[in-house]
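Below, each chain spelled out in residue letters.
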Amino acid sequence: MSEAQSELLRGTLDLLILKVVALGPSHGYAIAQRLRQISKDFFQVHQGSLYPALHRLEDRGWLLAEWKESETGREAKFYSLTKKGRKEMDAEVVNWERLCDAVGLVLRAPQKES
Amino acid sequence: MRWIRRLFQKSRAEKELDKELRFHLDRQIADYVAAGLSPEEARRRAQMEFGGVERVKEEVRDTHWETHLDNLFRDFRYALRNLRKDRRFAFIAIFALALGIGASTVVFSVVYDVFFRAFPYKEFNRSVVLELRNLTSTGGWKSRWFFFPEEVKAFREQNHVFEDMIAHAGARVLYDDGKSTRYWSAEVVTTNTFDYLGVAPLLGRTIAQADGRPGAPPVFVMNYRFWQAEFGGDPKVLGTTFVLNGEPTTLVGIMPPRFDAFGESIWLPAGPDLSGHSLRGGAQIVARLKPGISVATAGADLDAIAQGLQKANPDGAYPEKFAIVPENFLDYFLRGFKKALYALLAAVLMLLLIACSNVANLLLARATMREREIALRAALGATRGRLIRQLLAESFVLAVMASGAGCVLAFFGLKMVVALIPAGTLPKETVIQMNEPVLLLALGVTILTTLLCGLAPALHAVGGDLRTRLSGSSKGVGGSFRHGKLRGGLVIGEVALSVVLLIGAGLLMRSFLVLTRVDLGFNPRNVLYFTLDLPPTYNTDVPGSRERKNALTRQLLERMRALPGVTSVSESMQQPPLDYSWSDTIIPGKTHSDRWETGIESVSEGYFQLLGVSLIRGRLISQDDVNAARDVTVVNEAFSRRYFPNEDPIGHKVKLEVLDRAFLDAPHDTYFEIVGIVRDRKTRDFESSMWQNFPQAFIPYSVQGFSWRSFMARTSVNPNSVLKNIPQVVSALDPGVQISASGTLEASLQALYRGPQFELVMVSAFAVIGLLLVVIGIFSVMAYTVSLRTHEIGIRMALGAQQVSVLRLMLLSGFRLVAAGILIGLAASFALTRLLASQISGVSTTDPWTFAAVVTIVVAVGLAACLLPARRAARVDPLIALRYE
Chain A
11 MSEAQSELLR
21 GTLDLLILKV
31 VALGPSHGYA
41 IAQRLRQISK
51 DFFQVHQGSL
61 YPALHRLEDR
71 GWLLAEWKES
81 ETGREAKFYS
91 LTKKGRKEMD
101 AEVVNWERLC
111 DAVGLVLRAP
121 QKES
Chain B
716 MRWIRRLFQK
726 SRAEKELDKE
736 LRFHLDRQIA
746 DYVAAGLSPE
756 EARRRAQMEF
766 GGVERVKEEV
776 RDTHWETHLD
786 NLFRDFRYAL
796 RNLRKDRRFA
806 FIAIFALALG
816 IGASTVVFSV
826 VYDVFFRAFP
836 YKEFNRSVVL
846 ELRNLTSTGG
856 WKSRWFFFPE
866 EVKAFREQNH
876 VFEDMIAHAG
886 ARVLYDDGKS
896 TRYWSAEVVT
906 TNTFDYLGVA
916 PLLGRTIAQA
926 DGRPGAPPVF
936 VMNYRFWQAE
946 FGGDPKVLGT
956 TFVLNGEPTT
966 LVGIMPPRFD
976 AFGESIWLPA
986 GPDLSGHSLR
996 GGAQIVARLK
1006 PGISVATAGA
1016 DLDAIAQGLQ
1026 KANPDGAYPE
1036 KFAIVPENFL
1046 DYFLRGFKKA
1056 LYALLAAVLM
1066 LLLIACSNVA
1076 NLLLARATMR
1086 EREIALRAAL
1096 GATRGRLIRQ
1106 LLAESFVLAV
1116 MASGAGCVLA
1126 FFGLKMVVAL
1136 IPAGTLPKET
1146 VIQMNEPVLL
1156 LALGVTILTT
1166 LLCGLAPALH
1176 AVGGDLRTRL
1186 SGSSKGVGGS
1196 FRHGKLRGGL
1206 VIGEVALSVV
1216 LLIGAGLLMR
1226 SFLVLTRVDL
1236 GFNPRNVLYF
1246 TLDLPPTYNT
1256 DVPGSRERKN
1266 ALTRQLLERM
1276 RALPGVTSVS
1286 ESMQQPPLDY
1296 SWSDTIIPGK
1306 THSDRWETGI
1316 ESVSEGYFQL
1326 LGVSLIRGRL
1336 ISQDDVNAAR
1346 DVTVVNEAFS
1356 RRYFPNEDPI
1366 GHKVKLEVLD
1376 RAFLDAPHDT
1386 YFEIVGIVRD
1396 RKTRDFESSM
1406 WQNFPQAFIP
1416 YSVQGFSWRS
1426 FMARTSVNPN
1436 SVLKNIPQVV
1446 SALDPGVQIS
1456 ASGTLEASLQ
1466 ALYRGPQFEL
1476 VMVSAFAVIG
1486 LLLVVIGIFS
1496 VMAYTVSLRT
1506 HEIGIRMALG
1516 AQQVSVLRLM
1526 LLSGFRLVAA
1536 GILIGLAASF
1546 ALTRLLASQI
1556 SGVSTTDPWT
1566 FAAVVTIVVA
1576 VGLAACLLPA
1586 RRAARVDPLI
1596 ALRYE
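Chains A and B are the protein sequences, given in the same order.
Take 11 as the starting number for the first sequence in our numbering and just add one per residue.
Take 716 as the starting number for the second sequence in our numbering and just add one per residue.
To be clear, the hints were calculated from the coordinates, so they are not data collected in a lab.
Mixed in with the good hints, there may be bad ones.
To be verified - Derived Cβ-Cβ restraints for the label pairs, each shown as a range:
(1) A/83 - B/733: 53 to 61 Å
(2) A/43 - B/791: 39 to 47 Å
(3) B/806 - A/71: 47 to 55 Å
(4) B/806 - A/109: 56 to 64 Å
(5) A/71 - B/789: 25 to 33 Å
Think of the CB as a built atom: it goes at the ideal place given N, C-alpha and C, for glycine as much as any other residue.
Build the full structure now, drawing on both the sequences and the hints.
Given below as C-alpha cells:
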C-alpha cells in the first residue's frame, strides 16, 4: 500500500469498517478480505491499523463484539453494528458524499485554455 | 464499562486479543495453502505480512485509555526500580536539584517579600518620600527631608503628580496618669494618613478627617506593640481618656500587630492648618504618584512649586539652587540592602543554572549509556511514544523527589537566612516567609528543566536507525558521541558560572577583610558607651540649660571615673566610628570652590587618651580648655592635609559654619584656634559601609549646649559588667534623665559589619555549593568518558602505550573543558563584577589576587575531579578492556 493510500485510509478507515460490518457480522480477517474484494484490491488494510480501529470502535460502542463459531468451526471474534454505530455511519456517509460532490464540482469546473 | 472489565481482567483481555490475532494469522495461512503454497511458505508469507504480532498488540492496547494508566504505573515503577539500581546517580541528581530549588526558593522568598510585600500598606510601590537637595556646591546643608507647613500645603494644593499626600513628624508627649508622668513617643500625622495607608484598625477606628477640624475632641490611636507592652493587650482601654500634654485625649483605635508606620507608640492627628499637635517644626512628606508618573516628572513639578515659594519668601529655608527629589518609599528604607538583594538573586540564579546543567549532564550520560537497552526495547515492539514516556517518567520521578527535598531545605534555609539578616536592614513591618507563588516558581523551573533534560536524550535515543546501534554500540563509539559536545558544553558552562560565583564571593570576602581588619586609628576594646535622654528642663530654649547640661556632664564623668573597673572616661556627641555631624569650614584667607566639609565632635578632655588617638603636634584639649570653655580646636591629619597642604595649621583659626545656626545653642560666628593635630581615625556614616578619612575638628563640649551627650568609659574588666551600674549612677544625679542607647564599641562595630557579612555568607555559601556541584559534574562526565573509551584505551595499551601517556590523555581531555570554562568565566567576571562595585570597598572589582586565587582553586579542583577517573583509565588491564562491554 502506498503512502497516499494509507493517508487516505487514516480518515476513512473507520467509515469503511462500519460499512463492511453493516453487511453482516464478521471477524477481523473477513473484514480485511471483504474490504479488499469490494475495493478491487485498492484497500489493503494492515493488521496494525485494522485491529486498533476495531477496538476503538468497540470502545465507542459503535460495534458490538462477541465470540462465535466461525465458518471453519473455530471460535472467532465477530463484530456487528450497533444502533449507535448505524446512526454514526449514516451521518458519516452523508458527509462523505457531500464532500465527494463538492470536490467533484471543483475538479470538473471548466478550465480556461492557456 | 468495558474498560473496567479490562482493567481488572487484564489477563483475559490479553488472552482474547492474542486469540483474535492468532485466528487472523491462521486464516491467512490457510488461505495461502488453499491457493497452492507449501505450508512453510504460506506461514512465512503470512507472518511477513502481519509484521510483529507484539507490535500490533501494543497498538491495539494503545486504543484503550486504561492501558495508558496502566503503562503510567508501570513506567513509574520501572523508573523507581532503575533509580534504586543506580543509587549514586539518583542521589547526586536529587542532591543537586534539591540544593538548587532550596537555595533559589529561599532567595526568591526574601526578594518577593521585600520587594512586593515589605509593608502592609495600600499600593506602597507608588509611594515616594520627598527630599530637598541643596545643589549649591559650597556652603550650607546638603539636603533636608523635612518640610514646613506652608510647603506641605503648597505641594498638596498645587501639584499635578500625586494622588494623595501625607505628612508626619515625630513628637514626645508627656503622659500623666495622676501619680507620675512619663514620655510616650508619638507620630503626629495628617488626618488622611490612615486612609492613605489603607490598613484597617484591629479595634475601634483610625484617625479620620474630622479629627483635624478646629474644636474636634482630641483623640489618638495606639500601636499594637505598645498596647501589649503597656496595657497587656487589655481591650477595655479603648475609649478611655488619657492626659497627654495636659489635655484629656481619647484612645479611639488600636492598630493590628504588623502595622508599625513610623515606628512610634501612638499616632496623633495634626490639627487644622497643620497646627495643634503640630507639624510646625517640619514634617516628612510621603506621597503616592499617580499611575504612570515618573519620579523625575514629579520632582520637576514640585521644583516649580518650591521655586514659587522661594520667590515669595527669599529669606526662607531655601538655598540658592536646589531640587526636590522624590525617592521610592521602599528604596528609602532599604538603602544599600536592595543592591545586596540583587547580588544574591544573581548568585542564586547562577547556582540554579549550575544545578540544572549538572542534572542535565547526568541524564544525558545515562541516556547515552542506555542506548542499547532502548534500541532493544524498540526492536521488541515498544512504540516511540512509549519509550519517550518511560524516559520522561524517570526524569519526573527525579524532579518530584528533588522538589520534596528542596522544599524541606528551603523551609529550614529560610529560617536560617531570616535569622542572619541583620536587624535594621529591612523595614520593621516586613515579614519574610515561604510563600506559594515563589515555591511554585522554583518547582516549576526545576521540573521543567528536568523534563527538558530528560526529553532531549529520550528523543535522541529513540530516533535514528536502531539497527546500527544494536550491532555496534559498545565497541564503536560512533553514534554515542553525538552527545559528547553537548555534555562538554554543559561542563564548560558550569565551570564558567562557578568561576563567576567564586570571584564574586572572593571580592566580597576581600572587601570584608579590608573592612574589618582596617586600622581604625582607635582602640575599641573594652569601651562602653551610652547616650542620655534628657528631660525638657534641658531643652535649648529653657534659660540656663547649657550650664545645667555641662554641670551634669562634668558630674557624671566624675562619678563614672569613680566606678570600680573604669580606667578612663570621656564625653562626645556620638560614639566612634559613627560621624554624621559635619560643617562647612571657613578659614580666613583661604578661598575654595568645592565643599570644605569637616566633621565636628565636641569632647571632654579625656577623649583622645580614652580612644588611644595619638597626638602628632601641638597639644590636646585640656581640662582648663573645658572648664573655661575656650574657643580652641584639635584637628586631625586629614584636616591638615586638606586645608593646610603646605603649612602648619597650628595657630591658625577656623570657623565651623554650622554653629552659626540661629536655633543652635552654640558659639555663633566664632573662630577656633587650632592648638593640636592628632592622628586620623576612621569614620563612617549610616549610608555606606565604607571607611572614610574625613577631616575632623574637635572642640571642648562646654562651648555649646545643643548636642546630645554621649559617654564612653574604658574598663579593665568586661565593659558590660560596668554598664549594668550606669543607670543607677545617672538617675542618682537626675532622676529625670534616662539612657536612650548603650552598648560596647566592639559590639557596635560588629553590628556595622553585619550587613556586608550577611551578603558575604550568602554568596560564599552559594559559591561553595556551586563548586561542589561542578566537581560532581566534572567527575561524572569524566568517569563516563573513561568507561566509554575503556575499549580504546585497551587497544592503545595493547599497542604499547604507557600508563603515563594514558593518564595524560585522559587528564587533558577533561582539563580542556575546565580550562575553557575558566576562560569564559574570567571574561564574564570582568564584565559582571562591576555590578558589585557598590557592595565592596577597599578592593578593585577586578582585583588580580582574587582572580588568581579563584583560577588556582578551580584548576586544582578540576584536576582532582579529572584525576580519579583518569587513574582508573590508566590502570586498565588491556586484556579485560578489550573484552569490556
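Outcome of the hint check:
Our hint of 53 to 61 Å for residue 83 of chain A and residue 733 of chain B is violated, since their Cβ atoms are close to 19 Å apart. Checked against the hint of 39 to 47 Å, the pair residue 43 of chain A and residue 791 of chain B passes, with Cβ atoms roughly 42 Å apart. Taking the beta carbon of each, residue 806 of chain B and residue 71 of chain A are about 50 Å apart, inside 47 to 55 Å as hinted. Roughly 59 Å separates the CB atoms of residue 806 of chain B and residue 109 of chain A, a value that falls within the hinted 56 to 64 Å.
A beta carbon spacing of about 28 Å between residue 71 of chain A and residue 789 of chain B agrees with the range 25 to 33 Å that was offered as a hint.
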